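Residue-level listing of the chains:
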Amino acid sequence: AQKITQTQPGMFVQEKEAVTLDCTYDTSDPSYGLFWYKQPSSGEMIFLIYQGSYDQQNATEGRYSLNFQKARKSANLVISASQLGDSAMYFCAMREGRKNRDDKIIFGKGTRLHILP
Amino acid sequence: KAGVTQTPRYLIKTRGQQVTLSCSPISGHRSVSWYQQTPGQGLQFLFEYFSETQRNKGNFPGRFSGRQFSNSRSEMNVSTLELGDSALYLCASSPEGGRGDYNSPLHFGNGTRLTVT
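Chains as they are written, first to last, in the working numbering: chain A, 3 to 119; chain B, 45 to 161.
Bear in mind the hints are in silico, worked out from the structure with no lab data behind them.
Model, not experiment: these values are computed from the prediction.
Where a beta carbon is used, it is the ideal one built from N, C-alpha and C, also for glycine.
Take the hints with a grain of salt, since some may be wrong.
Said to hold, decoys possible - With a cut-off of at most 25 Å between alpha-carbon atoms, the simulated DMTMM-like pairs for lysine to aspartate or glutamate come out as follows:
1. A:Lys111 / B:Glu96
2. A:Lys111 / A:Asp31
3. B:Lys101 / A:Glu46
Stated by the list, open to error - Residues from chain B shown here face chain A by an in silico Cβ test under 8 Å; the list is partial:
4. Leu87
5. Asn103
6. His151
7. Phe152
Model the full assembly from the supplied sequences, consistent with the hints where possible.
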């Protein structure tokens with residue numbers, strides 16, 4: 003069964019520093035997608051970045067990059083030059099590519115990131 | 045392009061009542077998923093609709109039901125409300141082309157915060 007693990011319930015980081023949020027996953031499907039979402043205190047879930055299981059290069063979107071280590075089943079989010087507005091809950095998610103079975107997106111428990119001024 | 049719209053934003057109901065939540069997906073998106081978010085359980089998948097058919101269902105009692113209309117708008121209904129149903133209910137739409145399309149991210153609405161007293 004598919005599973006997502008985020009081992010850091012909370013993190014405190016100084017403004018302008020880089021931060022890495024950990025995510026490990028488990029799946030037996032060779033085809034899958036990995037996603038990161040940001041949830042500010044207002045509640046909306048904001049899609050940040052996507053990595054496909056067959057992608058050769060790590061995904062990047064502005065200050066966000068995904069450190070994808072397929073053999074270790076790891077998909078860590080890296081935020082460069084953190085800003086106060088980055089303070090939020092961050093969720094790692096995965097979707098398998100099983101055409102004939104359950105392929106819903108599942109989420110980890112999340113990491114609450116606090117950026118300190 | 046307008047985002048995912050959920051109404052109402054806040055709801056207060058009493059035990060035993062029923063409630064209907066509404067979700068309008070991004071134009072052109074045919075897949076709509078519903079999630080329940082609570083501090084203790086995190087994000088839990090309720091169900092997914094694609095072209096008016098329920099395609100996936102999470103582990104929730106039959107009191108939770110949903111439907112999707114021909115214009116892809118979706119409604120979620122909870123009957124006989126319990127205190128434990130208090131949560132943020134998130135709707136998300138996806139531009140995917142069908143089952144197994146694992147690289148389609150979910151685009152979330154702002155959620156409906158339901159309080160059951």
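**OP:** Go through the numbered hints given earlier and state which of them the structure violates, listing their numbers in rising order.
**Re:** Hints 1, 5 are the ones this structure does not satisfy, whereas the remaining hints hold.
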